[in-house]
Every structure is written in structure tokens, then in C-alpha cells.
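Protein chains in written order, with the numbering used here: chain A, 1 to 240; chain B, 1 to 108.
Because the hints were derived from the structure by calculation, they are not lab data. Some hints could be false.
Unchecked claim - No more than 20 Å apart at the CA atoms, straight line, and that leaves these computed lysine to any residue pairs for SDA-like:
no. : chain 1 : residue 1 : chain 2 : residue 2
1   : A       : Lys235    : A       : Ala191
2   : A       : Lys235    : B       : Ala74
3   : A       : Lys235    : B       : Arg40
4   : A       : Lys235    : A       : Thr187
5   : A       : Lys235    : A       : Leu169
6   : A       : Lys235    : B       : Ala36
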Amino acid sequence: MPRQSINSPYWQGVRDGAPFVIVIVPFSMLFGVVGTEAGLRVAEVMGFSVLVIAGAAQFTALQLLSDNAPTLIALVSALAVNLRMAMYSASLTPYLGAAPLWQRAFAAYFMVDQSYACAVIRFEQEPHWSVSERMSYYFGVITPICPLWYVFTLVGALVGTAVPPGLPLDFALPITFLAMIGPMLRTPAHAAAALVSVTLALVFAWLPYNLGLLVAGIAAMMTGAQVEVMLERRKGARQP
Amino acid sequence: MIEGAALWLFIAVLGIGTFGLRFVFLGLVGDRALPAWLLRHLRYTAVAVLPGLVAPLVVWPAATGGALDAPRMAAALVTLTLGYAFRNVILAIAAGAVTLFAGLALLG
Numbered sequence: 001m002p003r004q005s006i007n008s009p010y011w012q013g014v015r016d017g018a019p020f021v022i023v024i025v026p027f028s029m030l031f032g033v034v035g036t037e038a039g040l041r042v043a044e045v046m047g048f049s050v051l052v053i054a055g056a057a058q059f060t061a062l063q064l065l066s067d068n069a070p071t072l073i074a075l076v077s078a079l080a081v082n083l084r085m086a087m088y089s090a091s092l093t094p095y096l097g098a099a100p101l102w103q104r105a106f107a108a109y110f111m112v113d114q115s116y117a118c119a120v121i122r123f124e125q126e127p128h129w130s131v132s133e134r135m136s137y138y139f140g141v142i143t144p145i146c147p148l149w150y151v152f153t154l155v156g157a158l159v160g161t162a163v164p165p166g167l168p169l170d171f172a173l174p175i176t177f178l179a180m181i182g183p184m185l186r187t188p189a190h191a192a193a194a195l196v197s198v199t200l201a202l203v204f205a206w207l208p209y210n211l212g213l214l215v216a217g218i219a220a221m222m223t224g225a226q227v228e229v230m231l232e233r234r235k236g237a238r239q240p
Numbered sequence: 001m002i003e004g005a006a007l008w009l010f011i012a013v014l015g016i017g018t019f020g021l022r023f024v025f026l027g028l029v030g031d032r033a034l035p036a037w038l039l040r041h042l043r044y045t046a047v048a049v050l051p052g053l054v055a056p057l058v059v060w061p062a063a064t065g066g067a068l069d070a071p072r073m074a075a076a077l078v079t080l081t082l083g084y085a086f087r088n089v090i091l092a093i094a095a096g097a098v099t100l101f102a103g104l105a106l107l108g
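Generate coordinates for the entire structure from the input sequences, incorporating the hints supplied.
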């Protein structure tokens, strides 16, 4: 049944991941361009995109290495930028933890902001999905995102010019994430968490190694959990 | 700037470290039950991290050298509002992009 297959979790994932193409293409091209301009060979630029596959951390590492920062500092800084991935990993564990180990290993390798955000929204909406349906969806989201990450890093490295100047593509990433945050604000607890996240991320933006985001994220998770407990208690008190 | 084998070692270690961060819970905890208090916190991970990730990019856009920018701010507000009101990601992205282009054409 073609109709059934188009509505399968895998294809739902492909559709949900597709809008991020407008983020991935310019971002990966830019890494290819900046990498070759910094003096890296094409194979080394590709090494970053294939082995690390995390844009913000790749740019951080490249920036510090080309400034001749100590190698260990460059490494720790880039890993600190990726600390949020451990939070994503924990957050996906209740949904995907029962999958075979090799699938979890691939899911971990392909864990990026976009695949995480799509997955966690959809898994909450579809609580009846089996673990294998969730995995299919997850790999569906990755399909339009990660291969393009490799391909357009290569294009940027070979062509040496980024997307046409004048296009405000810097704002593609904020817009795609903001569009996903809106539907996430389902309860007062979610809204409170988001508010704390924004406020503390701005207040602690001065912290090095992107640690402000970590502080904001942990405080916001605690806020969400606390508000949830308070609301449940109030509801419980009202019932006879 | 480090080169050759040292650079490849750097890339490999960064790759392994990043994979470790992604794998640590999903791979090592697996389907063991997590305590209820932790699950309650994890429910808010997305809404706790993504807004904080975006906020500095909206308030201090790199394209303007970090200066507050009316078209970008307007686009951000339109995207968030429509995403919240209609729960439709594609619609929100499209409206945000239109707002950004219109704002830049008018004010830029």
C-alpha cells in the first residue's frame, strides 16, 4: 500500500527533517570554506564533518586551532559545546533504550539538535509507537539532514565559496528552532522552563566554553519539573 | 595550527569524545528503568535547551556584529507566535522567513 508506506514513521521522519535542509546546506558549506581557508586539506575538513558531525563544535575547534590555542584547550572547548548532547542522550533513553545496541550506537552517532528535537516532540505525541517505529522515525529525520552535512562540507571545501552573500541565512537556524519551540510550550511547566532557559542563557552568555547554555538548561529542567510537581499537588488538593 | 598526524589525532579524539557524550545514556543505560524524579526532569530537556540555544542568536545576531536587529527580532517573534498558535512548524518557518525578507527589504 503506497499510502501506508508514505505515512509510515520513517517517511514522517523524512518530512519532519526536510525543513532543516535550509540550515544544514549553508552551515556545512561554510565549514568547508572556513576549513580550507584555515589551511586544512579536503580530507581533513571531511574528517571533521564525518567523525565529529557537530557543527558548532567543529567551528569552535577550528577557530581555536587556527588561533594556535593549546590543543588540549581546543579539545575541551569543543567537547564543552557538545555537552548538551549528553542531555539529549538521557532524554531519548526512555524512548529508545530498548532498541538493539547497534541501533542505539547509530542513533547516538547521528544525534544532532535537529534529530533530537524532532524525535522528542513526535515521541511524546505518539505514545503508542513501538521502539522499532520510533527508531524508524529517528532515522527518517536523519535521512535529509546528515548526508547533506557531508556532501555540502565537501562542496564548500572544493568550491571555496559559501552561499551567495546577501541571503540572511544566518537566521535560518534560529527560525527553524523557534518554529519547533512554539508547539513544545504545551503546559505552564514547559513555558516556565523555556522562560528560565532564555533568561539564564542570556545572563550567563559571558561564561566560557558555552557553559552558560548548560547552566540555563539544567536550571530550566529543574524549573519544569518543579512547576509540574506544584501543579499536580494543586490538582490533587482540589480533588475530594 | 597543528598539521598531519597531530591534526588527525585531534579530529579522532574529538570524534570519539563527542560520540561518548551522545552514547553515554542511550547506550549504557539502555532499557534499565530511570527513577521518576529524573524522568520528570528529562521531560523538559528540549524546552530547557533549545530556547537557550536560540536566544543569544536572536538578541545578538552575528550578521549585525551583535547589534539588536529589528527585522530579525520581528521574524523571531512571528515564528514563535505562529508556531505556538497553530502548532504547525512549516507554516511558522515560512511566516518567519517572509517577515525577515520583508523587514530587511523595508529597513535594511
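Against the structure, the hints come out as follows:
Our distance criterion of 20 Å between C-alpha atoms is met by Lys235 (chain A) and Ala191 (chain A), whose separation comes to about 18 Å. Taken as a hint, the Lys235 (chain A) and Ala74 (chain B) pair is broken in the structure, with Cα atoms around 38 Å apart against an allowance of 20 Å. Restraint check: the Cα-Cα separation between Lys235 (chain A) and Arg40 (chain B) comes to about 17 Å, which is no more than 20 Å; the hinted pair holds. For the proposed pair Lys235 (chain A) and Thr187 (chain A), the alpha carbon gap of about 14 Å is at most 20 Å, so the pair holds.
For the suggested pair Lys235 (chain A) and Leu169 (chain A), the alpha carbons sit about 46 Å apart, so the restraint of at most 20 Å is broken. A C-alpha spacing of about 19 Å is found between Lys235 (chain A) and Ala36 (chain B), which places the hinted pair at or below 20 Å, so the restraint holds.
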